[in-house]
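Engineer: Okay, here's what each chain looks like letter by letter:
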Amino acid sequence: MLRFIFTRLSLVIPTFIGITLLAFFLVRLVPGDPIETMAGERGIDAARHAQLLTEYGLDRPLLVQYGKYIERVVQGDLGKSIVTRENVLTEFGQLFPATIELAICAILIALIVGLPAGIIAAVKRNSIFDHGVMGISLTGYSMPIFWWGLLLILLFSVQLGITPVSGRIAVQYFIEPVTGFLTVDSLLAGDIDAFWSALSHLILPAIVLGTVPLAVIARMTRSAMLEVLGEDYIRTARAKGMAPIRVVALHALRNALIPIVTVIGLQVGALFTGAILTETIFSWPGVGKWLIEAISRRDYPVLQGGTLLLGVVVMSVNLFVDLLYGLINPRIRHAR
Amino acid sequence: MSTETLKVPATAPSAAPPHPVREFWTYFSANRGAVAGLVVIVLVLLCALLAPVIAPHDPNLTNNAVFLKPPFWQEGGSLSYPLGTDAIGRDILSRLLFGARLSLVIGIAVVALAIVVGIVLGLIAGYFKGLADIAIMRLMDILMTMPSLLLAIVIVAILGPGLMNAMLAVAIVVLPHYVRITRAAVIAESSKDYVVAAKVSGAQTVRLMFSEILPNCAAPLIVQATLGVSTAILDAAALGFLGLGAQPPTPEWGTMLADAREFVLRAWWVVTFPGLAILITVLAFNLLGDGLRDALDPKLKR
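Protein chains in written order, with the numbering used here: chain A, 777 to 1112; chain B, 75 to 376.
Check each hint, because a few of them may be wrong.
[Claimed, not checked] Reference listing, derived: stretches of chain B covered by chain A, where coverage requires no fewer than 3 residues with Cβ under 8 Å from a Cβ of chain A: (1) 186 to 195; (2) 308 to 320.
[What the hints assert, rightly or not] Here are a few chain A residues that face chain B, going by a calculated C-beta distance under 10 Å: (3) F801; (4) G908; (5) V1039; (6) G1041; (7) T1049; (8) I1068; (9) P1077.
Calculated from the structure, these hints are not laboratory results. All residues carry an ideal CB built from backbone N, CA and C; glycine is no exception.
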């Protein structure tokens, strides 16, 4: 087990270096002079230009610049936003809980609907339910979620007027951040009205973000269950006269869970991709919207820092899933 | 279709195995979803090819008299603008038809680029192993670690927004899949007897790689390429939607949606149709890809 952990951990270092290289070159590769790009259309005079060049260390050799960059990164200094003058790491810390809250709700919806749908589809193979689930999940998988979000706004916010169009909570509520999750914080503060407001803001974005993971989980659960249901020990259990529900729940599902857990882990990267689009549509104040705005404002420190941080988050989650995988599946940890 | 399947026993006597193409078609045509996907793709292709002929209007022609005109079945709509007009009076149907050209070109060009580079890198990694393998696969791992759209956004931020750069970005993002598939297939194939035989009879490295091993790795690559077209169309549309892909007034479906966003409250049709076009096209490619996988995967055959 220790050896497995060490091999897996040693793979983190090149990946981390790769992410920092990407973030580092992101700013260096932008065509044109970086100082002039940051200054924008107003332009900048030669003396100030030279001063800024030295200040940002841009007159040094690339390797030295990269070394300096890594040195700052490991100290947690990711630079300041050009627009807000705020520390990039601080801004990320303020916005990230919103993205996490959205992502957790999305994956919960995906699990609560996708897992049972996949199991029932596998058990009732080739039934109308099975075909229906497979058809719907392939449609969900093919869904352009930025359009799906607009459609849901059109239906629930415009036609039915049930849910708000954008934001995290109605403006009249102010909740002291404790966990950063507004639904949790409002409950902690004992403000039920604020909780309902936060929840009604959360539900549509979470459905939109959960759509693709839901489809993937339903399809994966079905195929993993089908594979397991064909095994000899399932036939044995059935032949012993075990109740069908026990066979499915105890014997089959437990063994089908390993590939399902992997797929859920792999969805984390996809969740952040989806979060960028979902947050843009619903004006959800998370890191995805922050990054897109950084691009349109040419706020390169934010783009650079945000890319690095999101990359590190996904890398860590992948690492965690891999280690967990080794823990629940002995075949994996002994194979290496 | 039915005559095709009926011919199979006639042309293939029970003793001899059926021709691979016939065998493939037998499996493929049994999958109704895959056939439906193929039909839709052919229709989209026809729309794209015939766009200048069948489109009722020029896709970029604005008409001051018909801002946000609803589709013909709604009150105030007319058949001269069957699916209505957008905020500056352009015909939505014509824009969708011309958009089909862009989306197909995007999907195919992205996959073509990714597959060519992916095959070369995968062959090198799988055939030579060692340092080249480690270097290439580590690089691919890093690319796969980044959330795909974020990576594409970063690449577009570096190169500047535009359709070409968006396509290049999406091609880089999907590249690792092709490299990994090729490498895995190459490793599985290169220890087989026919490769050893070719090597013993004096075949050069390049010949071994491209004319012996590669054709036997084709099946998984064909499946991935088909599914890859749908990913490419989706991702390019997402970039267009974020304002980083095709720039207005290009009638790209994602870009059309971005333009339509502010009118979601009063003109449902400007939002609904471009997205529906994306969904149908992407769904068709996914259905086709699933059907191809079932038909080409020898493990699933009897």
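Engineer: With reference to the structure, classify each hint as holding or not holding.
Structural biologist: Going down the list of hints, with the structure as the test:
1. 186 to 195: This one is violated; 0 residues, fewer than the three required, reach chain A with a Cβ under 8 Å.
2. 308 to 320: holds (count 7)
3. F801: Holds: closest Cβ of chain B sits about 8 Å from F801(A), inside 10 Å.
4. G908: violated (13 Å)
5. V1039: Given a least distance of 15 Å, the restraint on V1039(A) is violated.
6. G1041: violated (13 Å)
7. T1049: holds (4 Å)
8. I1068: holds (6 Å)
9. P1077: Constraint on P1077(A) not satisfied, violated at 13 Å.
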